[in-house]
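Asker: Residue numbers (UniProt numbering), protein chains in the order written: chain A, 1 to 87; chain B, 1 to 87.
Any given hint could turn out to be false.
No distinction is drawn between identical chains; accordingly, a pair holds when it is met within one copy or between any pair of copies.
Unchecked claim - With a straight-line Cα cutoff of 25 Å, these simulated BS3-like cross-link-like pairs (lysine-lysine) come out:
{"hint": "1", "residue 1": "K16", "residue 2": "K57"}
{"hint": "2", "residue 1": "K73", "residue 2": "K23"}
{"hint": "3", "residue 1": "K54", "residue 2": "K73"}
{"hint": "4", "residue 1": "K23", "residue 2": "K12"}
{"hint": "5", "residue 1": "K73", "residue 2": "K57"}
{"hint": "6", "residue 1": "K12", "residue 2": "K64"}
{"hint": "7", "residue 1": "K54", "residue 2": "K64"}
{"hint": "8", "residue 1": "K19", "residue 2": "K43"}
{"hint": "9", "residue 1": "K57", "residue 2": "K19"}
{"hint": "10", "residue 1": "K19", "residue 2": "K73"}
{"hint": "11", "residue 1": "K54", "residue 2": "K43"}
{"hint": "12", "residue 1": "K73", "residue 2": "K41"}
{"hint": "13", "residue 1": "K54", "residue 2": "K19"}
No lab work stands behind these hints, which were simulated from the structure alone.
This one's a predicted model, so the numbers in the text were calculated from it and none came from an experiment.
Protein chains: 2
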Amino acid sequence: MYVILVYDMGEKRVAKMLKLCRKYLNWIQNSVFEGEITEVKLKELLSQANMFLKPEKDSIIIFKSREERWLEKEIIGNEKNNLDTLL
Amino acid sequence: MYVILVYDMGEKRVAKMLKLCRKYLNWIQNSVFEGEITEVKLKELLSQANMFLKPEKDSIIIFKSREERWLEKEIIGNEKNNLDTLL
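Pulled out of the complex, with its shape left as it was, chain A reads as follows (with noise of 0.2 Å):
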């Protein structure tokens, strides 16, 4: 299937979850990723987000769909941002 997780978490765990999410998703904006990608693998995703995560103040969203077709993306202004030159 086809995600778009987007996530907001506090500063110190940032970088934890960019570093986790890039491991299985692509990156396309700050805090958001998208990509195909398995229930068994967004479930391991998802379980090591739970070991550093804030229930009570950080939280991650995603969206699924079954075809990557269904979904029209349109990007303005600065794709990625240039993040990859931060890091």
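Place chain B on chain A using the hints.
Answerer: Structure of chain B alone, referenced to chain A:
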């Protein structure tokens, strides 16, 4: 149609973008909005954003789906992240 809108803006433009998006969509996470919107209204939103957006620094990504039911949403942690109390 149903859209998910995520943005990444320079600090000085974040508040403006937030205020603009709230007129058209539902706020679900720090810089993430979703909701039903017409093509016309979306164009209106984007043309207003274009007035202050810095294309070399900022980005907006929009995922469009004809039907909301084609997307399944899963939320982990703190839904809405108490953002309303911050403003």
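Asker: Does each hint hold? Answer for all of them.
Answerer: Comparing the hints with the structure gives:
Both within a single protomer and between protomers do K16 and K57 lie at most 25 Å apart by alpha-carbon distance, with minima of 15 Å and 24 Å respectively. Taking identical chains as interchangeable, the C-alpha atoms of K73 and K23 lie at most 25 Å apart whether they share a chain (22 Å) or sit on different chains (21 Å). For the homomeric pair K54 and K73, the shortest alpha-carbon distance between copies (20 Å) is at most 25 Å, but the shortest distance inside one copy (31 Å) is not. Taking the shortest alpha-carbon separations for K23 and K12, only the intra-copy value of 19 Å comes in at or below 25 Å, while the best inter-copy value is 32 Å.
Proximity of K73 to K57 under the C-alpha cut-off of 25 Å is restricted to the inter-copy arrangement: shortest distance 19 Å between copies versus 29 Å within a copy. For the identical chains of this complex, K12 and K64 are neighbours neither inside a copy (27 Å) nor across copies (32 Å), given an alpha-carbon limit of 25 Å. Taking the closest pair of Cα atoms, K54 and K64 come within 25 Å of each other only inside a single copy of the chain (23 Å); across copies the shortest separation is 30 Å, beyond that limit. Taking identical chains as interchangeable, the C-alpha atoms of K19 and K43 lie at most 25 Å apart only when both belong to the same chain, with a minimum of 16 Å there against 35 Å between chains.
For the homomeric pair K57 and K19, the shortest alpha-carbon distances inside one copy (19 Å) and between copies (23 Å) are both at most 25 Å. For the homomeric pair K19 and K73, the shortest alpha-carbon distances inside one copy (24 Å) and between copies (23 Å) are both at most 25 Å. Taking the closest pair of Cα atoms, K54 and K43 come within 25 Å of each other only inside a single copy of the chain (18 Å); across copies the shortest separation is 37 Å, beyond that limit. In this homomeric assembly, K73 and K41 come within 25 Å of each other (Cα to Cα) both inside a single copy, at 24 Å, and across copies, at 17 Å.
Proximity of K54 and K19 under a CA criterion of 25 Å is satisfied intra-copy only: 17 Å inside one chain copy versus 27 Å between copies.
Consistency note: the structure conflicts with earlier hint 6 alone.
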